[in-house]
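Peer 1: Residues in the sequence shown are numbered from 650 upward in steps of one, following the working numbering.
Warning: the hint list may mix true and false statements.
[As the list claims (entries may be wrong)] Quick list of simulated restraints, FRET-style, between CB atoms:
(1) Val721 - Leu674: 33 to 39 Å
(2) Gln740 - Pro709: 38 to 44 Å
(3) Phe705 - Val655: 25 to 31 Å
(4) Val721 - Thr744: 55 to 61 Å
Hints in this document: simulated from the structure, not taken from any laboratory. Ideal Cβ placement from N, Cα and C applies to all residues, glycine included.
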Amino acid sequence: MARILVPTAIVLVALTLFALFDALLTPAGRHRGMPKWAWIPSVLLLPLAGPLLWLFLGRPVPLFSGRTAAPVPRPASPDDDEEFLRTLRVQRAQTERARDLDRREAELRAREEELRRRRERGEDEATGEPDADADA
């Protein structure tokens, strides 16, 4: 009798633990039948029936079953994919902004260099002619 009772108890405890953790880890709204808060006591309080009810009636439909969601239609080519074209436009705009910033930065450096040279020569910054105050 003990030869059958011990393995049966082990299988029952394992089945109950599996069903309990599966019920606890199932996201709310994905289970079937009763609310989630009702499944957990039924798995714990009904020794064999609770876990079996959860497995057959409460568990979410597995992905490999015959019931599948409709496939999301994908564009045949990149030219038809609006999201891909949008990312290309964003990348192009970012590249253009980077080029514009680089160009402006080069212009500012050139102006600063020119002003530095004029100061060294003692020229008026506005006209480029020798400064009258510097001679006196």
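Peer 1: If a hint holds in the structure, say so; if it does not, say that too.
Peer 2: Outcome of the hint check:
no.: 1; hint: Val721 - Leu674: 33 to 39 Å; in the structure: 27 Å, violated
no.: 2; hint: Gln740 - Pro709: 38 to 44 Å; in the structure: 40 Å, holds
no.: 3; hint: Phe705 - Val655: 25 to 31 Å; in the structure: 26 Å, holds
no.: 4; hint: Val721 - Thr744: 55 to 61 Å; in the structure: 30 Å, violated
Consistency with the previously given hints fails for numbers 1, 4, ordered from lowest to highest.
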